[in-house]
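Chemist: Sequence:
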Amino acid sequence: MKKYFIIFAVLCFNFGFSQQKQVKRAAVAFLNVENLWDTIASADYIDGTLPFSNPKFHRSVPIDSLKFLETTEDYKGEWSNELLVGKKVIRHQILATDFTANSPKRWGTKYYNQKLANEAKVISELGRQYTNDNPAICGLIEVENRQVIEDLIKQPALAKSNYGIVHYNSYDARGIDIAIIYQKNRFVVQNSYTKEIKVYNEDGRRQYTRDVLVAIGLLDGEKIAVFMNHWPSRSGGEAASQPRRNAAAAVLKAEMDKLSVEYPGIKLISMGDYNDDPVSPSLKKHLGAVENPSDLSDKTPYYNLMYKLYKAGVASLAYRDAPNLFDQIIVSKNLYSPEKLTPTYSIFKAEIYAPSYLVNKEGQWKGYPLRSWDGDRFTGGYSDHFPAVSILQKEHIKK
Numbered sequence: 001m002k003k004y005f006i007i008f009a010v011l012c013f014n015f016g017f018s019q020q021k022q023v024k025r026a027a028v029a030f031l032n033v034e035n036l037w038d039t040i041a042s043a044d045y046i047d048g049t050l051p052f053s054n055p056k057f058h059r060s061v062p063i064d065s066l067k068f069l070e071t072t073e074d075y076k077g078e079w080s081n082e083l084l085v086g087k088k089v090i091r092h093q094i095l096a097t098d099f100t101a102n103s104p105k106r107w108g109t110k111y112y113n114q115k116l117a118n119e120a121k122v123i124s125e126l127g128r129q130y131t132n133d134n135p136a137i138c139g140l141i142e143v144e145n146r147q148v149i150e151d152l153i154k155q156p157a158l159a160k161s162n163y164g165i166v167h168y169n170s171y172d173a174r175g176i177d178i179a180i181i182y183q184k185n186r187f188v189v190q191n192s193y194t195k196e197i198k199v200y201n202e203d204g205r206r207q208y209t210r211d212v213l214v215a216i217g218l219l220d221g222e223k224i225a226v227f228m229n230h231w232p233s234r235s236g237g238e239a240a241s242q243p244r245r246n247a248a249a250a251v252l253k254a255e256m257d258k259l260s261v262e263y264p265g266i267k268l269i270s271m272g273d274y275n276d277d278p279v280s281p282s283l284k285k286h287l288g289a290v291e292n293p294s295d296l297s298d299k300t301p302y303y304n305l306m307y308k309l310y311k312a313g314v315a316s317l318a319y320r321d322a323p324n325l326f327d328q329i330i331v332s333k334n335l336y337s338p339e340k341l342t343p344t345y346s347i348f349k350a351e352i353y354a355p356s357y358l359v360n361k362e363g364q365w366k367g368y369p370l371r372s373w374d375g376d377r378f379t380g381g382y383s384d385h386f387p388a389v390s391i392l393q394k395e396h397i398k399k
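Taking full-length UniProt numbering, the leading residue of the sequence shown gets 1, the next gets one more, and so forth.
Derived pair list, reagent style SDA-like, types lysine to any residue, alpha-carbon separation capped at 25 Å:
hint, residue 1, residue 2
1, Lys198, Leu95
2, Lys333, Pro301
3, Lys76, Asp47
4, Lys110, Thr100
5, Lys299, Ala247
6, Lys121, Asp151
7, Lys223, Thr344
8, Lys349, Pro293
9, Lys349, Ser260
10, Lys198, Gly77
11, Lys361, Gly380
12, Lys253, Asn292
13, Lys88, Tyr75
14, Lys110, Glu150
15, Lys223, Gly265
16, Lys198, Arg234
17, Lys121, Glu34
18, Lys195, Glu34
19, Lys311, Ile347
20, Lys105, Gly363
21, Lys121, Ala354
22, Lys394, Asn334
23, Lys198, Ala250
24, Lys253, Lys284
25, Lys299, Glu222
26, Lys308, Gln129
27, Lys195, Phe57
28, Lys223, Pro264
29, Lys340, Arg128
30, Lys110, Thr379
31, Lys223, Leu259
32, Lys121, Gln155
33, Lys24, Leu341
34, Lys160, Tyr130
35, Lys311, Arg234
36, Lys299, Tyr310
37, Lys394, Ser337
38, Lys253, Val188
39, Lys361, Val314
40, Lys308, Tyr368
Hint data in this document are derived by calculation from the structure and do not stem from the laboratory.
Work out the full structure, taking the sequences as your base and the hints as a guide.
Modeler: Structure (structure tokens):
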């Protein structure tokens with residue numbers, strides 16, 4: 001029997017005996033891996049002669065290799081896929097040399113390997129107590145490039161799950177991306193793409209952030225779409241930066257609404273670091289994610305699984321010494337059921353995963369996530385965010 005089949009007994013009082021039902025569960029989760037950078041100084045190379053879906057359209061390459069790559073111009077325009085069609089250009093990252101052996105961080109192979117092992121350990125535990133397996137789908141936040149994801153899924157704690165990767169380089173100023181890894185024998189990806197978020201500062205200048213990453217496919221035979229998010233930060237203050245997250249919410253909502261129409265019955269899961277709490281305008285008003293299942297309707301079809309946790313005082317990070325629940329999972333109404341067990345996937349449980357080893361136990365930051373970095377010093381920790389987990393379950397019918 002595969003690991004994700006869970007057996008439990010249902011008492012049938014009418015007959016005075018117990019019968020067995022099989023339950024299939026899937027963990028859909030995500031983790032902010034806090035600056036998972038390799039040790040090589042790199043830049044982005046965009047080959048606009050290739051389609052957007054080709055990983056080589058926009059890829060990370062070592063700076064030393066740039067001299068071997070053809071360029072058509074020293075591009076000074078706005079960074080957007082559509083504007084780069086037909087061009088071959090280089091885009092430098094502001095953190096290009098920060099994570100190298102000769103930088104103040106002294107970021108070498110030893111620390112990099114420890115960081116990979118740390119993140120793999122956490123990912124392997126997400127939802128395991130309910131599924132006895134690694135996550136079927138796991139989002140990643142703050143990865144540098146595709147190579148670090150390849151290195152991550154080769155770690156012993158994850159390698160057995162045969163993970164595939166959905167990743168596109170972003171135009172984020174720091175060069176950080178988001179990604180999705182998935183067990184290929186459980187989630188069959190049929191399409192993937194990104195939706196650009198255009199935001200501007202107070203002076204009207206474009207600020208480059210992470211796109212919304214979309215993966216559409218079949219999870220154990222059921223049509224779902226996963227939306228991975230890392231919305232604009234609160235840099236400059238919560239109020240001043242709020243319009244940028246409102247804009248991100250509008251992009252996400254438009255795409256979720258669109259797919260609901262294109263694929264009737266599709267189940268939608270949006271997750272990530274929204275840099276806002278469940279009660280913030282971006283999520284509550286602009287996305288319209290509701291607090292209670294009783295509030296779900298055709299006009300408000302999205303349910304924030306973390307709303308009740310937030311009301312109960314659960315936090316996933318501390319921003320400026322205040323607890324926040326920025327890490328959230330939001331689902332379409334067809335993933336909620338008042339029944340505990342249904343023929344198709346529905347939400348069984350959602351949580352913020354914070355075992356003791358992920359928690360700082362002393363000093364000024366006692367009780368906060370045990371992060372990887374204290375300035376330029378690698379602490380050996382894990383992340384400045386606790387991961388978020390959702391468990392889907394359905395009745396398994398033997399064929």
